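*Asks:* Protein chains in written order, with this note's numbering: chain A, 1 to 842; chain B, 1 to 118; chain C, 1 to 329.
Careful, some of the hints might be misleading.
[What the hints assert, rightly or not] If you anchor each label on the Cβ, the simulated ranges turn out as follows: (1) Val-36(B) to Ile-623(A): 43 to 51 angstroms; (2) Ala-41(B) to Leu-626(A): 47 to 55 angstroms; (3) Val-46(A) to Asp-310(C): 48 to 56 angstroms; (4) Val-88(C) to Leu-449(A): 23 to 31 angstroms; (5) Gly-33(B) to Trp-757(A): 35 to 43 angstroms.
Keep in mind that the hints were calculated from the coordinates and are not lab data.
Quantities reported herein were computed from a predicted structural model and do not represent experimental measurements.
Even for Gly, the Cβ is constructed at its ideal location relative to N, Cα and C.
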Amino acid sequence: MSESMRPTPEAERLHQELEAVWGNPPGWRGRLSAVNHSTLGLRFMVTGLVFFLLGGVLAMLIRTQLALPDQAFMSPEIYAQVTTMHGTVMMFLFAIPVLEGLAIYLIPKMIGARDLACPRLTAFGYWCYLFGGIILFSSLLLEMAPDSGWFMYTPLSSSEFAPGPGSDFWLLGITFVEISALAAGVEITVSILRTRAPGMALHRMPLFAWYILAMALMIVVGFPPLILGSVLLELERAAGMPFFTVAGGGDPILWQHLFWLFGHPEVYIIFLPAAGIVSTLIPVFAGRPIVGYGWVVAAIIITGFISFGLWVHHMFTVGIPQLAQAFFSAASMLVAVPTAIQVFAWLATLWLGRPRMALPMLWVTGFLVIFVCGGLTGVMLALVPFNWQVHDTHFVVAHLHYVLVGGMFFPLVAGAYYWLPLVTGRMPSERLGRLGFWLTFLGFNLTFLIMHWTGLLGMPRRVYTYDSAMGWDLFNLISSVGGFMMAAGIAAVLVDLVLHGRYGRRAPRNPWGADTLEWSLAMPPANYNFASLPRVESRHPLWVNPTLGDEIARGEHERPGAAHGRRELLGGEALTGRVREVIHLPVNSLLPLFAALCLAVVCIGLLVRLYPLALVGLAGAGILLLRWSWENGGHPRAAPLGRDELESPPLHSRTADGPGRWTMGVALLADGAFFLSLLFGWFYLWTVSPQWQMPDRSPLSLPLLLASGAALTLGSLWLERRAAALQRGRESGLVLALTGIAALGGLHLVLLVWGLWAAGLAPTVTAHDATLTVGLAYLLGHAGLAAILAALQAWRAQLGLVGARLPFEPGVVALLWRYQLGVYWILVAAMALLPRLTGAGS
Amino acid sequence: MKSLRRWWGPSHPAQLLLGLTLWSLWFVAIYAGLSVACALAPPGAGQGALTAINGGIALLTLATLALLAWLAWRGLCAGRQAAGGGRFIALVGAGLHVYAAAGVAFVAWPLVALPPCL
Amino acid sequence: MLPVLAGCGGSHSILDPAGPAARDVAWLWWGMLIGFGLVFVAVVALWLAAFRRRDAPDHRPDRSVSPDEERRLGLRWILGGGILLPGVSILVLLAFGVPAGQRLLPLPGGETPRVIEVTGHQWWWEVRYPDDRGEVVTANHLVMPAGEPVDFHVTGADVIHAFWVPRLGGKIDMIPGRINRIRLQADSPGVFGAQCAEYCGVQHAHMHLHVEAVPPEAFDDWLAARRDAEPESSDLDDEHAPARDTFTAHCASCHRVAGLGEGDVGPDLSDLGARATLGAGTLAMEEGAVAQWLTEHQRLKPGNRMPDHDHLDPQALEALGAWLETLRP
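All chains, full assembly: derive it from the sequences and hints.
*Replies:* Pasting the structure below:
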């Protein structure tokens, strides 16, 4: 072990060579242009921690206000803003980003890669998160924060009942932050599927990667409904399109569906990575592999799916048909099974191993106690009659804190203590850590165990005061005392985290005796992670070969060094991990920062209702993102064609199916979730909305839509053919063909605009016209993008950046065209054909 | 077509998603079908749980159950014969199909007791 | 059970049921608490015991369990705890829960109970008693017959509120544009607390409803008294005549008092003097309370929709309050 800390000359040479290619440049410019996953993962986590502390201060304000009856500590307006922001900050600005940050930091190290598959996207996501968070939180300092609750139910959040800019801050800020979540979700999915170490087949992947894969896919599918909801609500507030207003044919319940369609999976998006931490730590501290690896993988997949089928259990009191309630009640209980599988797999691992109660395990134990309790009250809440009683009382507040604090915060601290030596190379203080744990654990239970009872005594949520005659005084006081105790515990943990970097004792290599690849790295890890990329034949590479770290540093594994000057990692087959290509990554860039800044301008422009400014920002962002996509493939700033081309494995831009194609595929999955939510909204309003007005004749011109669709279909088929031909090495007439395809895209766009114009819709009058407008606008946006990308491909072909030797990009653009082809005809069928067929309106 | 056949194979990773996707589709079909059926042709009062709507739900449920059971059995057989990653995918896939079937049965269970459209 | 139950009282307590629906749920709660309590203790005990074992190394001296044996043990844990335990629990739970839920529903058939319509406003309750002989309207004070089921038809006038009488049964949302129905029954006469249960804006905390169950005959009398009450008139020439003028000049565009004004923005005040509270539970009704409310309501319930009355002469407000307190059928 000891010799491993001293690098051999060969290792030192490799280190210099790799650092020159992978390092972050010095100075401010370097910091702003960094795209490295370690740097950005840490930034995500530190920023999340800051928001956590701010959200915690808000929580303490709430507990101060409720400590005694009839308190006048805060005015009701301020209290409403504080509670709304506490929920919003904790959910959107702390929980999700911190877990994304953890995944961004750890996943490449765990699966044996040097970076994520889309480094610039990581940076872009971070800047979106930072700017969105700042915009959202600034509203509180301006005393114009959202005050309609973190769930933003309409009509309370609509312009009539929330006239100030508060709701706009929420809708725009959250959407901005969600771009970041989606970016992380897309690239983490692609990275886990395509950039694992050679030989790391799916069934050898660390469980943590399975959990993160599920989380990433759930973000990709789960966030778009809320983005759609936010867009619709902002359109209603700013432009008067009545999606949620009964008088215009809308329905406030649509918002609740869209919100909880996101909101329930969100709980599991937060829980799964935390459970992943637990499933990583328990085998290490039990000194044996996890029991039932396959069972746990199945449980993860089940949780991911079922969590999308339970959203209605937040809406049992809305007055939904009884049979449907019974369905959702049963489905909600079904989720208990995968959770129980995991808990008992952990228990079995402990019983069949030799567990030690190290500091991280103490926090895992705290997690277990709290989370099991929260899970059990969750099953109670799934029971409809009981739900009717305790819904929207403090019982639910207690339950959700048990699930979220127990299910996310405790494992997160456990993980922080566990991985801290990796990040800083030093060990935390055992004594301060234990003090922090007990204060947090006891304070938490004092606050929230009692709160169940307060709820059963009938105290509703979100009241800023209560009368002494209710009999809730003592319980609220105890909860407040517990809250401050918990705050003290968290402070102790923070002090430990801050101090250990200076005073902690140096950590030995792999201090916990772990089995996963991240512990084979230097502590702290270098920017490139692995000097050579290890081949993995086991689920526990470090248990099989404890000296793997030294071998990697000495360059004894695949593709050592970076003499070629490219940032390289290996792309593998999704199932087997067999090497397929060498992926070359883009280098540091300021484009993500500037693109995010442009989006911030859009956000602020919309907030202050300076729409021309917003348009300028949007155009800027579009141009920067296109510039970003330009510096790819054979571009001189990427991997220009040379004489010493790699043959086996080839560079990914020389193949048909590189990770960029997968990124497009996963991004289109998110887009598809958005589209399906829109389609759901259309059919929901049509069938359920109380005062829906369907015109006797559909205002959409069928001939125009058919003509536009014909152009799209022709263009898409042509592009598919050309892309396939390019794979076979045929490139003659490519420029002309791509130009023709772009022209067809333009025709499609023009006809669509004509169709929209000819329909003469009145989107501010009826929800029907408003929904049609949004649907057509959605198609228009995609039509424009498809045409532009095809035109750029033609240009790139002209410049020799696309061709028989660089056949990659047309296939990626073809995916977008194929997608547009599908959604176009589905939307035309749903919005123009179906109303004609059913004779709606009569 | 060839790639589609590969997706359908018992050892393809798509099997990990197929069972619960069928569960979701069934779930959506029931939920949407119920809303539409209740809007178009609500059953007469006092009919209890013996309506055409409940019958339709029951039929769809049985068909889904049969499909899932067959998929689970197929995965189990394939898993016994395969090795390594293929074995893992087929067996976990089979487990997921069983779970999806149980989920269908469990969620469909209340319809025995409940009249629709309330 | 009694000593435990002693801590369960309170005007809003779910655990002190006063009607069949709430009673079912209370029993459900105690049953689940015991059952899940056992599960919780068992899981935590298993967890902690796993760590204890290490202190007794002679427990299993040679850890040479064969891989097959280990696989079998692990499978037993997962099948027993991960599949069987939750499977059986949720089956039992649904077997109890679904019928209990069904009993709470206004099922068709049988005798149709009386209907009371409740509308939620920011931040007060409008209560209507539809009747062929003439509708009775009141606010923030709900009287219902005891010992028989009552159907509540609820809706929201502005934002979403929720109707909830904890001691009688579950809650139901009051949604603009829709009418939701819930059936509740009070076993015997009594007074029950109720509070809006869906966040509805800054004064959500001060949106209480006073619910009173009375014997059915008393309920009929109560209704009849309001139906047949003599309307107020501006022609009456008694000591309250100036107050009536103040009302018509300053209040009638929002409030209704039968015979004087038909405003429908704020609560109907026709029987204000007979109500238990003011400002939807903000103040108890007692002598002088209305005048206090009229002068201080923006301090007592900040942000409520009634403009302040600083431009009015304090004496006029006092007279107005004194007159309003006399409005009882």
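*Asks:* State the violated hints by number, sorted upward, taking the hints as numbered earlier in the document.
*Replies:* none
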